[in-house]
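Protein chains in written order, with our numbering: chain A, 1 to 319; chain B, 1 to 553.
To be clear, the hints were calculated from the coordinates, so they are not data collected in a lab. Possibly wrong hints are sitting among the right ones.
What the hints assert, rightly or not - Think about it this way: if two alpha-carbon atoms lie no more than 27 Å apart in a straight line, the pair counts; the simulated DSS-like pairs of lysine-lysine are:
no. : chain 1 : residue 1 : chain 2 : residue 2
1   : B       : Lys95     : A       : Lys233
2   : B       : Lys413    : B       : Lys361
3   : A       : Lys233    : B       : Lys401
4   : B       : Lys95     : A       : Lys134
5   : B       : Lys541    : B       : Lys152
6   : B       : Lys413    : B       : Lys445
7   : B       : Lys492    : B       : Lys290
8   : A       : Lys233    : B       : Lys100
9   : B       : Lys401    : B       : Lys445
10  : A       : Lys233    : B       : Lys290
Said to hold, decoys possible - Label pairs and their computed distance ranges (CB to CB):
no. : chain 1 : residue 1 : chain 2 : residue 2 : range
11  : B       : Lys163    : A       : Ala10     : 23 to 31 Å
12  : B       : Leu471    : A       : Leu18     : 54 to 62 Å
13  : B       : Val25     : A       : Ser145    : 45 to 53 Å
14  : B       : Arg546    : A       : Ser226    : 42 to 50 Å
15  : A       : Asn129    : B       : Val25     : 15 to 23 Å
16  : A       : Gly179    : B       : Lys92     : 54 to 62 Å
17  : B       : Asn160    : A       : Arg71     : 57 to 65 Å
18  : B       : Ala522    : A       : Ala10     : 42 to 50 Å
19  : B       : Phe26     : A       : Leu146    : 34 to 42 Å
20  : B       : Asn160    : A       : Ala10     : 26 to 34 Å
21  : B       : Lys163    : A       : Leu20     : 36 to 44 Å
22  : A       : Ala10     : B       : Ala511    : 36 to 44 Å
Unchecked claim - Listed below are several chain B residues computed to face chain A (Cβ distance under 8 Å; list not exhaustive):
no. : residue
23  : Pro119
24  : Ala130
25  : Pro460
In this text, a Cβ means the ideal position worked out from N, Cα and C, and glycines have one as well.
Spelled out from the first residue to the last, the chains are:
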Amino acid sequence: MSSPILTLVAQRIALGLLLLLAVSVLIFAGTQILPGDVAQSILGQSATPASLANLREELGLNDPAYIRYFRWLGGVVTGDLGTALSSRQDIATSIGGRLWNTLFLAFWAAVVSVPLAIILGLLAVRYRNGFVDKLISGLALASTSLPEFFIGYLLVYFFAVKMQWFPGISTVYDGMPFGERMAAIALPATALTLVVLAHMMRMTRAAILNVMQSAYVETAELKGLSAFDVIRKHAFPNAIAPIINVVMLNLAFLIVGVVVVEVIFVYPGMGQYLVDHVSKRDVPVVQAVGLIFAAVYIGLNIIADIAAIIANPRLRHPK
Amino acid sequence: MAKAGTKEKPEILLDIRNLRIEARVFPPGEAPRDITIVDDVSLTLKRGKVLGLIGESGAGKSTIGLSSMGYGRGGCRITGGEVILNGRDVLKGGKQGFRKLRGREVCYVAQSAAAAFNPAHRLMDQVVEAALLHGVASRAEAEKRAIALFKKLSLPDPQNIGKRFPHQVSGGQLQRVMTAMALCSEPDMIVFDEPTTALDVTTQIDVLAAIKDAIRDTGVAALYITHDLAVVAQVADEIMVLRHGKLVEWGGTRQIIKEPRQDYTRALVSVHQIEHQEKKPGTKPFLSVKNVTATYGGGVVKVLKNVTVDIFPGQTLAVVGESGSGKSTLARAITGLLPPMEGSITFSGRKLANRLADRTKEDLRQLQMIYQMADVAMNPRQTVGTIIGRPLEFYFGMRGKERDRRVTELLEKIEMGKGFIDRYPAELSGGQKQRVCIARALAAKPTLIICDEVTSALDPLVAHGILNLLLDLQQEEGVAYLFITHDLATVKSIADSIAVMYRGEVVRYGAKSEVLRPPFDAYTDLLLSSVPEMEIGWLEKAIKGRRMESAGN
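Please put together the full structure from these sequences, using the hints given.
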């Protein structure tokens, strides 16, 4: 690996870290702007001025905001996300299992949706403007246009209630056998797949169509390659950068944007956890989850950037 | 090799009969209609022979060449006639039939190999792809053959050049790799589509010689498509002249260039030299470039080294050199687009600000530019009237009737007339577009117009017209030109003084008659001797007489 790539990659990572720091400031500032503070939330109705003052002293809430920010940040960096107000439990511990559940669901949704979207995109280009293209585009568009909760309920209605193939509530627990776990996530994973499929498929189609006008595609056609081979071997590798970008955005959505789907299927993931604690006004939990979501988003986008850099032969093999 | 022995191969390899090709066009503001690109053209090509197809752009040369592979570019459809290759009508073979012959019986070499190679794959993978696809050879055999071809085409480091990516190899080398790619599957015929047109004149000669040797040694037949009669005369056995999709004349190479029978062929053979009397340099130049050094990348790459030239009022300084020699950079330094690192530019006795942003509107008005690609230098959504009227508004504050009158005047100056005022660039021919760009530059009443390869993208006859127009305008308006070009024939027609540039330096500078009078320095000699002459056997003579290698760009 040569130096220009390393420099670019290092730049991207440094930028990502900087961005994450900025986001942490925003999250902290945002929760500061909300009326009331943690002491008030903890004591609730039973607050007296004296007990409030005591608790504020105890929690260090009288320190200036920037000191509290750095105390919080220091905790986050060392893995201490604080204590949930509602349950008095350590946030890092409760998030651990749920994050894993969310990643598990996102992983399987991605394993199905990414290859499927790319293959459908290739097929759409191969039969562009024909029946197959229109069918693929139409179905994909329809599945994106339907709100995810509606898709969720449709799936539950048909596959859980009518046909009873899969459970309608995706309960998972520690030590659950792999097969049962897969059956439990089948419906939410399908719902997620349908939501992200169209975006990736259409981007793949557009990115490849963009390079189909190139002279090297003509060269490939004039070698006698079949239409699909021309697309797969000669057009696709040159369209990879925008495709990676949109794939990563959708992967981020699979982790960060699953809130609604998790709630519908009562799946014990990050989204559910977040919704629960927002309704309880549990600020430390919201801060922690927000920061994790931001980290996932930024991390995946860094990976997309780096992958796009590496996919460029001009950067990979300088003159 | 694969088919040898199975069937007696006919002596006539390709027999095109009454070919007719149509395409649907979408003119702006009109209903789509079909136009005829190729009209009733017949030709035959014997095994191992080279037929040159020649004509201006739009003559249907490439379309005919590609029809031998059953390929229609951009919506072209073969609507009539027969294309008989190796004894069968390929048009009846359908898609499967086309795929079997493409890359196997007929291969294609494109004008710009730099664009025709896939940037994502290594050269070797692309070179052997067709041979593997059609089962002509195993990978090991095909690679061995490719390396032998690289050697034959005198590519540097033939063992390893296949491991490179297209962007790691120069344009002239890529063109040779593409020829090797076409030869690798041992086809019966190759379609060369302007294979040297995009190259520097000094590189063109190398590639041309390599292609000629490869054709001779492998015994492959070829359709050689070009607009340059002097080039095709070096490689073709026969030449076919085409115009507007119709056959004009077809004959042996010697007959076409020595005894053309048709007026159009005669015009093609005779053009280009304009007798231009060199003007005596005035006493005082109005623009002086003194010891200018300019760099890209913050001083990393020196593209201009200590350049000094003068331009006199109403005269033309031609800057000649191959790509990468710094010609266009000199223009960028003068216009302030690339502020020089050292040196100065004096205009009418005062120093011009280095940076474009620091110059006054009056300075900007005095220096105008015309570019090589007229179509990308104009806003496609503006009419000719708006395009030419813009500098009138901007520099002189002209409005309404006054402006329209001046636009009409300018249109007459460029020999186009009032009727064009409401047309869009897409409705103009290449030559007309360049004329509109000239009118736009002229509208500012500049002292100097910088012409950056303004005739390079045009057909010879059209370019001839543009040069004549520029000379006439110089007489009438007294405007000076800085004329950047790689084409020495153009230089002879228009220049009063010449600066020859090589790797960022001016290697020869003076009045035209001095610069073009021997003895020459090695580079000027290479440049002059590389310009193809319409003479059979010129190529061999030129290669033999060379004193230095070309840079290979």
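Open item on the list: Please list, smallest to largest, the hint numbers that this structure does not respect.
Closed with: 3, 10, 13, 22, 25
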